[in-house]
Amino acid sequence: MDNNDTRSIPDLIAERKALARQAAEINTKLEVIDRALFARLESALDAFGVRPQATLFPDPPPPAPIAPPWVKPANTLVPPPPAPQAPKANEGTQIIMRGVREILASGRPMKIREIYDALMARNIKIPGKVPMNNLSAHMSRSKEFALVSGNRWTLA
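Numbering (my numbering), first residue to last: 1 to 156.
It cannot be assumed that every hint is accurate.
As the list claims (entries may be wrong) - Straight-line C-alpha distance at most 27 Å; calculated DSS-like pairs for lysine-lysine:
id, residue 1, residue 2
1, K111, K143
2, K29, K17
3, K111, K129
4, K111, K125
Bear in mind the hints are in silico, worked out from the structure with no lab data behind them.
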């Protein structure tokens, strides 16, 4: 099948289901033929006094019981691990966020470049290879700030 196929999704799904049914029918027929073939081969081997070591269609082993991860072998329940807590903002992040809050307190929506320049003027350094992207990521994760008009930030 190529990307230029114009059939609809429902048509493709229906065709796939039909092919899966045909494959299941073929597999069932192959199993019947295999059983008959191997039964005849076993008869021929018996005629020569040769017996295969293993049965051709052994019963599958019973599935191993799978205990949930919180169950110990002695069936003692273990309490689930505590839910992970949100990481606390480090001191550097707190300084950055405080600076952004003060800058946006003027009420005027600002582009990330303006916020970044204002932070630099206040001698607040943003770490990372691309500091403006890092600043934007900090602000995006915070519920204190909202992106409006496509590319301008305000206090939420």
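Verification of the supplied hints:
no., hint, result
1, K111 - K143, "17 Å, holds"
2, K29 - K17, "18 Å, holds"
3, K111 - K129, "20 Å, holds"
4, K111 - K125, "18 Å, holds"
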